[in-house]
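We have chain A; now place chains B, C, D and E with the ligands onto it with these hints.
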Amino acid sequence: MSKSVLEVRDVQKTFGAVTAAQDISVTVPEGAVYSLIGSNGAGKTTFVNMVTGYIKPDSGTIRFGDRNIAGMAPRQITRLGIHRSFQIAQLCTELTVEENMLVADAIHSRSGPSFLRRAHDAQARDRAMATLERFHIAEHRDRLIPELSGGVKKLLDIAMAMAGDTQIMLLDEPTSGVASDEKFPIMDLVMDALRASGVTVIFVEHDMDIVTRYSERVLAFYDGRIIADDAPDEVLSDPEVQRYVTGAPA
Amino acid sequence: MDLAATILVDGLIYAGWLFIVSVGLTLVFGVLNILNIAHGSLYAIGAYASASMVGAYFALGGEAFPYGSYVAMILAAVLVALVLGPLLERGLLRFFYGRDEVLNVLVTYAVFLILEDAMKLIWGVNPYFVYEPYTLLGDVEIGPLFYVGYDFAVIAAAVIVGLAVWLTLNKTRVGKVVLAVIHDSEMSQTMGVNVQRIYLGAFMAGTFLAALGGALTAPMISVTPGLGVNVIIVAFAVVIIGGLGSVPGAAIGALMVGISRAASVHLFPEAELFIIYFVMAIVLLFRPEGLFAKTQARKI
Amino acid sequence: ADDTFKIGVITFLSGQAAESFGVPAWNGGKLLVDMLNEGGKLPAPYDKMGFGGMKIEAVIVDEAGGATKQVQEFRNLVQREEVDAVVGYVSSGDCLAVPPVADELKAFTILYDCGTPRVFEDGSYDYVFRTAAHATMDNLSLARYLKSRDFDVPSFAGLNQDYAWGQDSWADFTGAMKQLYPDAEVKTALFPKFGAGQYGTEISALLREKPALVHSSNWGGDLQGFLIQATARGLHKRAQLALSAGDHVIPQLQDKMPDGIFLGARGVNGLAAQARGGELKELTDTMWNAYEAEYNTFPVQAPFRMWQALFGLKTAVEKAMADNGGTKPSSEELAAAMKGLEWDAPSGRIEMALADGHQAIQPNAIGTTKWNAEAGKMELVDIEYYAARCVNPPEGVKSQDWLADGFPGAECD
Amino acid sequence: MRFNLILAAVAAFVVLAAGSVILPDWAMFLFAMALAKGLVCLGIVGMMRGGVVSFGQGLFYCIGAYTATLAANNFGISDIFLLTLLSASVCLLVGMAFGPLLSSYRGIFFAMLSLALSMVLYGSLSKMSAIGGTDGLNIAAPTFLGWAPEGRALQTALYIYVVAVVVIAGTLMRFYFDSERGLITLATRDNELRVEYLGASVRNVMTYNYVFGAVLGGIGGTIAALALGHVDPEFAFWTTSGEFVFVAILAGFLSVPAVFVAAIILELVRSFSSLYFPNTWQLALGIFLLVVIVVLPNGLGSLVNRRKGKAA
Amino acid sequence: MSLKLENVEVSIQAAPILRGVSLEVGTGERMGLVGRNGAGKTTVMRTITGLASMSAGKVFWNGEDITAMAPRDRALLGFGYMPEDRRLVPDLTVEENMLLPAWVNDQIDGPKGLEFVYDLMPELTTMAPRKALLLSGGQQKMVALGRALIAGRKLLLLDEPFEGVAPALAKRISEVITSLKGEGLSVLIAQSELSHSVDLLQRESVIERGEIIRVNVIDASLAEGA
Ligand SMILES: Nc1ncnc2c1ncn2[C@@H]1O[C@H](COP(=O)(O)OP(=O)(O)OP(=O)(O)O)[C@@H](O)[C@H]1O
Ligand SMILES: Nc1ncnc2c1ncn2[C@@H]1O[C@H](COP(=O)(O)OP(=O)(O)OP(=O)(O)O)[C@@H](O)[C@H]1O
Ligand SMILES: [Mg+2]
Ligand SMILES: [Mg+2]
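Chains as they are written, first to last, in the working numbering: chain A, 1 to 250; chain B, 251 to 550; chain C, 551 to 963; chain D, 964 to 1275; chain E, 1276 to 1501.
Any given hint might turn out to be false.
To be verified - What follows is a set of in silico ranges between Cβ atoms, one per label pair, in the way DEER data are often shown: (1) C:Asp553 x B:Ile372: 37 to 47 Å; (2) D:Tyr1239 x E:Glu1486: 54 to 64 Å; (3) C:Glu588 x D:Gly1039: 48 to 58 Å; (4) A:Asp10 x E:Ala1290: 51 to 61 Å; (5) E:Gln1382 x A:Ala17: 34 to 44 Å; (6) B:Gly399 x D:Met1059: 48 to 58 Å; (7) A:Asp10 x E:Ser1330: 53 to 63 Å.
To be verified - Calculated lysine-lysine pairs in the BS3-like style (CA-CA distance at most 25 Å, straight line): (8) E:Lys1279 x E:Lys1429; (9) D:Lys1090 x C:Lys728; (10) B:Lys549 x E:Lys1406.
To be verified - So these bits of chain D aren't anywhere near chain C, every CB distance computed over 12 Å: (11) Leu979; (12) Val984; (13) Asp1153; (14) Leu1266.
Quick caveat, the hints were computed from the structure, so don't treat them as lab data.
Note that the structure is predicted; figures quoted are calculated from it, not measured.
Cβ coordinates follow ideal geometry from the N, Cα and C atoms, glycine included.
So here's chain A without its partners, still in its complex pose:
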C-alpha cells in the first residue's frame, strides 16, 4: 500500500463524564476509502471533528503528512486540504443554492477571494451550475436554503465541501436523509469524483449497504473505542459489531 496521509495516534477526548474517544489510533493510506460505523454516540463525529480541528483532542497526535494538526483551527486544516461535510448540513441560510456554491467557489478561487472580482460573474456561475447539475440539485438553484427539503440540503453541503483542492475528504453521514433510491447514485457520484483525483475518503455511515459497497476498510466505534478495524466483510461479521451496531443479521 502507498504511504499514509493521515495518522491518528492514541487520541483521547472526554467531555465531562463522557468518553468520546479513547485510545483512538488509525492510519489511513493515501487514496484509501475508509468508513466509520458505530452505535449512536460512539464517537464517530467526534473523530471527524478532531481531525478537522473543531475539537482539540485531550492528548494524542494527528499527523497529516509530516505535521501534527491536532489543535489547529478548522480554517488552517481546511487550507491544508482536509475538507469535510456535516451530519447536519451547514449552509448559508439567507443565500440561494447557487450563491452557496459561489461562496465555496470564491474562497477556493486560485488567487484568493477578491474585493473587486464580481462574485456573480458568468464563469463562476457556470462552474457553480455544473456542480449543482452533477448533484442533481440544479433545479433548486434559485431557492433559499430554508425552502429546501432535508435531502437537498445534504447534497448541497457535500457539493460545497468538494469545492477546491482536496487531499482528504471526511463525510459525516453523507446519505442520511437522502431518499433511498438516490443514495447509490449520490455515492457513486461523490466517490467517482473523489477517486478520480486520488482523494483519500473517510465517511461515517449507518447504512451497511453503502459501507460494504464503497469502503475498503471499516472502523467500528463503540463507546469511544474502536472495536473493529478491518475489511468490511470481516467487520460486519464481528459479533460485537453485530450486537452493538448492525443488529443481528436478519
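Relative to chain A, chains B, C, D and E with the ligands alone:
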C-alpha cells in the same frame, strides 16, 4: 468605619438598585429574545405611577398608616405591568417574534420614543416627589456615616426579586417550560405549551420589574421627564456583563459595577464616568459573551 | 408681513432641562408675549403694544437633541420659517455652535440663558448677543457671600454634574475661593454623571471627607435628587450647602429643602428679585403676579432670563425703528441697536457691557433659605445684592484670568 | 454590469448635484448633513452584511470630526480635501487597531463593545476642558484647493463635495458588496462555521468591514463637522450612534442608495416634526418608525432590490 | 382514533407544496408516508400538527374537523410529533425534554411514559441527566422519539425516525412500534427509504411532488413467505 467597608456598603446599595433595574431586561431578552430599549421608559413610568399612587395614598388619609405607602408603590408597579404589558406584547411585540435582533431593538426604540412623550402628556413636565417612604424606615448608623434604612430595604427587595425570578426559572416546571419556549416556540406548541401565555407572562414580569425599579427609586429622586434615558445604558451594560438572559449574571454584573463605581467615587472620582464601560470591556475581553454565557447548542 | 415680528424660540421642551429651565422660561415668555401683544399691561417704557407696534409671533422649537440638531433647526428657522430674530438656547454647547451660523446667515440672535463665558471670550460675532450674564458671576458671588457673612471655610468639597457647566462652575468657584479663602483646603471634587439620580455613594464620600462646605452647581432633577438624599442622610447638618444656581427647585421641594442653604439664582431672579423692591418693583410685581396667576407657582430664574431677553429685544427693535423711521428693522439695524444697549428688566438693569456690546452683565444676589411655616412657603433671608460690575469682569478681560488675578477692577459698593 | 454601475453612479451624481440648483438653502444644508451621516451608516450597512451591527460608530464620526477640527484650529489646515484625507487616515489606523479585537465578537456583544469604545471617547473628550469639554469646539469654513467661498457659494461647494464623496464611496462599496469578498461577508452572516470550513477567515472578514466602516465614519464626521462648523463629544454619544444604526436598519442592507434616502427621510421627518409638534416630536418620530418597520421590515432597500429566489 | 386528510393544499410563498393530499390512518394502524426528498412528507406532518398553514382542504380527527385547531390544542388531543430535525431543548436534560409534554398536559402520565421509553431504549437511562445540547445526532434522535412516545397517546407522527440511527437500534425501535398496535395508537411514519422491517408498516402512501400517487398495502405474511 474604614474605607473598604464604606465602599462595600455604598456599592451594595447601588448594586441592589442596578439589579432591580436590570433583571427585567435580562428576563425579557431571555424569553422573548428582545433587547427592550423601552425598559427605561417602563422604569420611568413605574416611577411616575409610584409617585402618583403614593401621593394619592397620602391624599386619601394614608398619614395614619404611612407604611401603606410601600404597598401603594408595589401596586403601582403591578398596575403598570397589567396595563402596558399586554398592550405592548399583544399589541406590538408579538408581530416581531423570531425576527432580526436589531429590528426588534428598533421596534422597542420606537416604543421608547413614544412612551417618552406619552409620559409628558400624562404627567406633564413638573416633577413629582414622594419622599415619605424614603425616610420612613429611619436611619442606620454605620460608624460615622448615616445611611437611610430605605437603602437597605432596596437591597432586600433586590435579593427577593432575584431569588424569585431565579427560582421560578430554574426550580419550577414553569421555568423549564419557559426554557423550551425560548428555544423553540413552534415545537413547544406542538407539545401542548401555551406559548402566548408564556410570552405575555414573561413580558409582564419584565414590565413589572422595570416599573418596580422605578417605583422603588421614586421616593429618593425627583420624578421628571427624561428619567428613563440614563437607566437604559446602565442596565444594558449590567446585562451584558452578566451574560444575556442570565439572572445570576445580572446579579454579579450589578455587584461588579456597583462596587467598582463606589470605589471610584471614593478613591478616584474622575473615573466614575468610565467605570461601567471599563468593567464591561474587561469582562468582555476575557469572556466574549459575558460571565454567564448562554450555552450554545451543538451544531455539528 | 410688516405688522408682525416673528421670533424663533428655542428652549428645552423635553429632557431634564425642560422642567427646570425650558418650560418655565417659555411659560414666562408666552405670558409676556401675550401681555405685549395686548399692550398697555406693563409699566413704561414697556407699555407700547408688541415690538414697536408690531404683533409678536413665536415659533417654538425643542432644544433637546444636541448641538448638531440645533444648528440644523437654526437654519430651518431662519431660512425656511424666515423668522426676524431667534431667541434661545439654554445649553452652552448650543450657544457655542449656533453663533457662527448666525453670522453666516446674518440672522439676529439672542442667547437668553446659557452660561459659558467662552461664547464671546473665544469668538466674536456681529449678529449674536447674550442678554444674560455668563456664569462666572454665579460662583464668585457665592464666594463673596461667604466672605461678607464671615463664614468660616477651613475646607470645602464639590459635587457638580459631569459636563462643561459643572466643571466650569467648580473651576470658577475654586478660583474665587483661592482668592478669598486662600487657606481653605479643597477636599474632594465629585462629578457624578449628568442625570445620575443616585447620589448615595457621593454622599457617603462627602460625609467621610467632612468638608465645612459643599458646593454644587447642580440643577433640575439632579439637584432635587441630591437634596432629598443628602438631607435624609443629614449632610446638610454636617456641612454648609452652597448652591450656585439652585433657586428653581424651591417651588417643588418647598419644606423638603432644608433651611440655611446658601442659594443663588444666576442673577437677581425669583425670590431675590421680589424681595429687592426699589425702582423696578412695579415691573417685577406685574410680571410676578401675572405669572403666579397664570401658572399657580412663582417665577424662578428661567422666566426672568426669558423676560430680560424679550424686554431687551423690544427695546432694541423700538430703538432701531426710531432710527430708521419706523419700519421693521433688518438684522443689521437690530444688531446696531442692540450693541451696548441698556434696559430694565425684573432682574435689574441689564447692560450689554462686555464683548464689544454683545455680552450682558447684570447684578446678582445670594441668600439663605428659610422655611416660613406660617405662610407655608420658602423664603430667602440674609440676601446680599451684588452690583453687576462687582461680580462680572470688566470689558476685555477673560473671566478665568480675572479670577486668577484677584478680580482687578471689580466695583463693589 | 460594471458599466451599468458606473452609469448609475454618474446619473446619481447628476441628480444629486442638481439639488444645488433646485434646493432652497435650508434643504441643501439638511441634505448635506444627511448625506454625510449616510456615509457613516453605509459603514454600518457593510458590517450588517457580515451579521454585526456597531452601536458605536459615533467613535469614528467623532474622531473624524475632531481630527479635522483640531487640525484646522491648531495647524491652520483648511483645505477640505486634506482634512478629509487626514481624518480618513486617522480613522483607518484606529480601525485597524480595534478591528482585530472586535472581530471575535458577535451580535449584541459586538454592539455593546463598540458602544463602550465610543462612550470612552465621549467621556474622555467631555473631561478635556482644554478642547472645550462637553461644549465642544468650532471649526471655520473649509477652503477648496485654495478657493474660499462664502454664503450660498460655500453651501453649494460643500454640498457638491458631499455628493461627490457619497457617489464615489457608494460606488466603491457596491463594487465591494458584489465582489467575491462581499459574498463571503454575506455567507459569514449566515454561517460562520461553513465559511471557516471552506478555509476563509471569519475574523478577517469582520476586520475588513470594521475598518471600512471606520474610514467611512471618519469621512462622514469630517464633512459633518465642516458643514456644522461645530463639534462636540456628543458626536460619540450613544444616541448619535443609535441614530446611525437606525438609518442603517431603515435602509436595509440590500441597496446602497437606500442608505442615503433613509438618512434624508429621517432628517426631514425629524426636522418637520420638531417644528410642527414641538412637544411631541419624539412621539411622531416613534410612530413614523413603527409604520416604516411594519410596512418595510427589510428596509427601504427591499423596495428596489428584492433578493431573488423567493418566487422560484 | 382515526386521522383523515381531505384534499389538503399547502403553499409557501405562492409555491404549491401539497396539492390535494388525502390520507387516512385508521385506529391502531401503522401507515407509512414515503417519497423522495422534497416530495412533501415533512409538510404533511406539519399540516397534521397544525404548523403549516393550509390554503385548502380539511383535517379530521375521529370525524371531528380540526382544520382550524391550534397546534397546542392538537397536542392536547394526544398527538405526539417527532420532527425530522429533532428540536430538543438544549438547556434541559434528556429526561426533562421527554417529560415536557407531561408537564403541560395533565392527561399524560410522565413517570409511566419514562419507564416505557427507558425500557425501549436503555441507552437513554445513562444519558438521562445530561443536557440535551451536547448529544450526538443519533442520541438526540432517540430522545426526540422518546418524547414523541410519551406525548403521543393517540397518534404518533414520526418524521424520518431512523435517519442517522444505527441499524441495531433502528431494528429494536421498529419492533417496539410494531408491538404498540394493541393500544389503539395510530402511527404515521415519514420515510425516504424503505429498508427497515417490513413488519413495521401495514400500509404506505407514496407521495410525489406534493401528491399522493398511490397507497400500497403491505402484506406481512407475503413478506415472510418470500
Ligand atoms: N419555507 C419554504 N419555502 C418554500 N418552499 C418550501 C419551504 N419549506 C419547504 N418547501 C418545499 O416544499 C417541498 C416539500 O418539502 P418537505 O420538507 O415537506 O419534503 P420532504 O418530503 O420532507 O423531503 P425530505 O425527505 O428531504 O425531508 C420541497 O420541495 C421544499 O423545497
Ligand atoms: N461538544 C461536546 N460536549 C459534550 N459531549 C459531547 C460533545 N460532542 C460529543 N459529545 C458526546 O460524545 C459522544 C460521542 O459523540 P459523537 O457525536 O462523536 O457520536 P457519533 O458517533 O457521531 O453519534 P451519531 O451516530 O449519533 O452521530 C456522545 O456521547 C456525545 O454526547
Ligand atoms: Mg455523528
Ligand atoms: Mg422531510
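Now for the hints, and whether the structure bears them out:
1. Roughly 40 Å separates the CB atoms of Asp553 (chain C) and Ile372 (chain B), a value that falls within the hinted 37 to 47 Å.
2. Between Tyr1239 (chain D) and Glu1486 (chain E), the C-beta spacing of about 59 Å keeps the proposed range 54 to 64 Å intact.
3. Between Glu588 (chain C) and Gly1039 (chain D), the C-beta spacing of about 54 Å keeps the proposed range 48 to 58 Å intact.
4. Checked against the hint of 51 to 61 Å, the pair Asp10 (chain A) and Ala1290 (chain E) passes, with Cβ atoms roughly 53 Å apart.
5. Here the CB-CB span from Gln1382 (chain E) to Ala17 (chain A) is close to 35 Å, well matched to the stated 34 to 44 Å.
6. With their beta carbons about 54 Å apart, Gly399 (chain B) and Met1059 (chain D) fall inside the hinted range of 48 to 58 Å.
7. The supplied range of 53 to 63 Å is met by Asp10 (chain A) and Ser1330 (chain E), whose beta-carbon atoms lie about 59 Å from each other.
8. Of the supplied pair hints, the one linking Lys1279 (chain E) and Lys1429 (chain E) holds, its CA atoms being roughly 14 Å apart against a limit of 25 Å.
9. The straight-line distance between the Cα atoms of Lys1090 (chain D) and Lys728 (chain C) is roughly 22 Å, inside the 25 Å bound, and the hint therefore holds.
10. Pair hint Lys549 (chain B) plus Lys1406 (chain E) holds up; C-alpha atoms about 14 Å apart against a cutoff of 25 Å.
11. Every C-beta of chain C lies more than 12 Å from that of Leu979 (chain D), the closest at about 19 Å, which supports listing it as non-interface.
12. Chain C leaves Val984 (chain D) outside its interface by the beta-carbon criterion, the shortest separation being 16 Å against a cut-off of 12 Å.
13. With a least CB separation of 36 Å from chain C, Asp1153 (chain D) remains clear of the 12 Å interface cut-off, as annotated.
14. For Leu1266 (chain D), the requirement that its beta carbon stay farther than 12 Å from each beta carbon of chain C is met, with the minimum near 27 Å.
Going through the hint list in order, the structure satisfies each hint without exception.
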